[in-house]
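Chemist: So the sequence lines, in the order shown, correspond to chains A and B.
For what it's worth, our numbering labels the leading residue of the first sequence as 1367, then goes sequentially.
For what it's worth, our numbering labels the leading residue of the second sequence as 10, then goes sequentially.
It should be emphasised that the hints constitute simulated quantities derived from the structure, not laboratory data.
Nothing here was measured: the structure is a model prediction, and the numbers come from that model.
Note that beta-carbon positions come from the ideal geometry of N, C-alpha and C, so glycine has one too.
Any given hint could be a false lead.
[As the list claims (entries may be wrong)] Below are the BS3-like pairs computed for lysine-lysine, each with C-alpha atoms no more than 27 angstroms apart in a straight line:
no.: 1; chain 1: A; residue 1: 1484; chain 2: B; residue 2: 148
no.: 2; chain 1: A; residue 1: 1462; chain 2: B; residue 2: 76
no.: 3; chain 1: B; residue 1: 148; chain 2: A; residue 2: 1462
no.: 4; chain 1: A; residue 1: 1493; chain 2: B; residue 2: 153
no.: 5; chain 1: B; residue 1: 153; chain 2: A; residue 2: 1484
no.: 6; chain 1: B; residue 1: 76; chain 2: A; residue 2: 1446
no.: 7; chain 1: B; residue 1: 153; chain 2: A; residue 2: 1462
no.: 8; chain 1: A; residue 1: 1404; chain 2: B; residue 2: 148
no.: 9; chain 1: B; residue 1: 59; chain 2: A; residue 2: 1404
[What the hints assert, rightly or not] Which bits of chain A does chain B cover? Going by a derived footprint, with three or more residues having C-beta under 8 angstroms, they are:
no.: 10; segment: 1397-1405
no.: 11; segment: 1466-1472
[What the hints assert, rightly or not] Label-pair restraints from in silico Cβ distances:
no.: 12; chain 1: A; residue 1: 1379; chain 2: B; residue 2: 155; range: 12 to 22 angstroms
no.: 13; chain 1: B; residue 1: 97; chain 2: A; residue 2: 1455; range: 21 to 31 angstroms
no.: 14; chain 1: B; residue 1: 155; chain 2: A; residue 2: 1495; range: 19 to 29 angstroms
no.: 15; chain 1: A; residue 1: 1455; chain 2: B; residue 2: 68; range: 16 to 26 angstroms
no.: 16; chain 1: B; residue 1: 13; chain 2: A; residue 2: 1424; range: 27 to 37 angstroms
no.: 17; chain 1: A; residue 1: 1468; chain 2: B; residue 2: 100; range: 40 to 50 angstroms
no.: 18; chain 1: B; residue 1: 106; chain 2: A; residue 2: 1461; range: 43 to 53 angstroms
no.: 19; chain 1: A; residue 1: 1490; chain 2: B; residue 2: 138; range: 41 to 51 angstroms
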Amino acid sequence: MKLFSDTFTTLENALNYSSAKNRAISNNIANVDTPGYKAKDVAFKDVLAQERSSFQTKRTNERHFQFGPDTSESYRTFTKSNTTYNHNGNNVDIDKEMNELAQNQIQYQALVDRMSGKFRSLESVIKGGN
Amino acid sequence: MSIFHSMNTSASALTSQRLRMDVASSNIANANSTRATLNENGEWEPYRRKMVVFQPVENNFQNFLHKAAQQGSSGSGVEATQIREDEEPFKVVFNPNHPDAGEDGYVQVPNVDPLQEMVDMMSATRSYEANVTSVNASKSMLMKALEIGR
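Please construct the entire structure, taking both the sequences and the accompanying hints into account.
Modeler: Okay, structure coming up:
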């Protein structure tokens, strides 16, 4: 039996997604006054169900950096390019971004709480309940 | 990617919004400056309204790499690329007693509209506040991350 169960991997993926989302939201808020800027968003790959691109690089050594869609990251950043919200081509909706910022922050804290809870129960088992 | 990426992103926006505020202040302060620059004829010209041009920071190596890999990147903030002068013609006011009045009694005054500058300042203030909130959110997330396993 594995000591570190799948829960850790799942939580780790969710934390990575959450911090990537925070980066995207920060960038959207930073560019709220930039003409022509299009808002960016992050989505899980399987949720996004996007057509996988054929871009693939040939690696001569397995330690080489891998390009293309087959990276270990479970999320993907994309640009919302088909809408215009403002007169200058900017489509950042500041209310939506601030709302998502708050939501994402709470989600992140909940995930960290769960992670700590996992470690605590492991610790409890290791110490035999003492 | 650095863990402080999102804080740096917001910081770049804080700098840009502050610059916008500075420029708007300068415009309001010079709303009546009739002698700002000397033109090629050796005559004084009124102050020209200035504007800040914003651009997302996207021309760095990291972003091109992400683009080539078709991964998309979340970008790295905003930057003020130039301060441009407003090419609108100067306003003309009839005031024969003014030291810079022409022979017909008209004075050229700056093409600054104080109302427009006030709106710009309000907008800069709000954007600045939004970015401060964003910095605080990133900060509390990082602080929370330090609690993992504690």
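Chemist: None of the hints should be skipped; say for each whether it holds.
Modeler: Consistency of the hints with the structure:
1. A/1484 <-> B/148: holds (24 angstroms)
2. A/1462 <-> B/76: holds (26 angstroms)
3. B/148 <-> A/1462: Between residue 148 of chain B and residue 1462 of chain A the Cα gap is close to 20 angstroms, so the pair holds against 27 angstroms.
4. A/1493 <-> B/153: Given that 27 angstroms is the threshold and the Cα spacing comes to 26 angstroms, the pair holds.
5. B/153 <-> A/1484: Judged against 27 angstroms, a Cα distance of about 16 angstroms means the pair holds.
6. B/76 <-> A/1446: At roughly 15 angstroms apart (the allowed maximum being 27 angstroms), residue 1446 of chain A and residue 76 of chain B satisfy the hint.
7. B/153 <-> A/1462: The hint holds at about 24 angstroms.
8. A/1404 <-> B/148: holds (25 angstroms)
9. B/59 <-> A/1404: This hinted pair holds, its Cα atoms lying about 25 angstroms apart.
10. 1397-1405: holds (count 6)
11. 1466-1472: Held - the segment 1466-1472 of chain A has 4 residues with a Cβ nearer than 8 angstroms to chain B, which meets the minimum of three.
12. A/1379 <-> B/155: 12 to 22 angstroms: holds (20 angstroms)
13. B/97 <-> A/1455: 21 to 31 angstroms: holds (22 angstroms)
14. B/155 <-> A/1495: 19 to 29 angstroms: Holds, since residue 155 of chain B and residue 1495 of chain A (Cβ atoms, about 28 angstroms apart) stay within the stated range.
15. A/1455 <-> B/68: 16 to 26 angstroms: Holds - the Cβ-Cβ distance for residue 1455 of chain A and residue 68 of chain B, about 19 angstroms, lies within 16 to 26 angstroms.
16. B/13 <-> A/1424: 27 to 37 angstroms: The hint (27 to 37 angstroms, Cβ to Cβ) holds, given that residue 13 of chain B and residue 1424 of chain A are roughly 34 angstroms apart.
17. A/1468 <-> B/100: 40 to 50 angstroms: holds (45 angstroms)
18. B/106 <-> A/1461: 43 to 53 angstroms: The hint (43 to 53 angstroms, Cβ to Cβ) holds, given that residue 106 of chain B and residue 1461 of chain A are roughly 52 angstroms apart.
19. A/1490 <-> B/138: 41 to 51 angstroms: About 44 angstroms separates the Cβ atoms of residue 1490 of chain A and residue 138 of chain B, which means 41 to 51 angstroms holds.
Checked against the numbered hints above, the structure breaks none of them.
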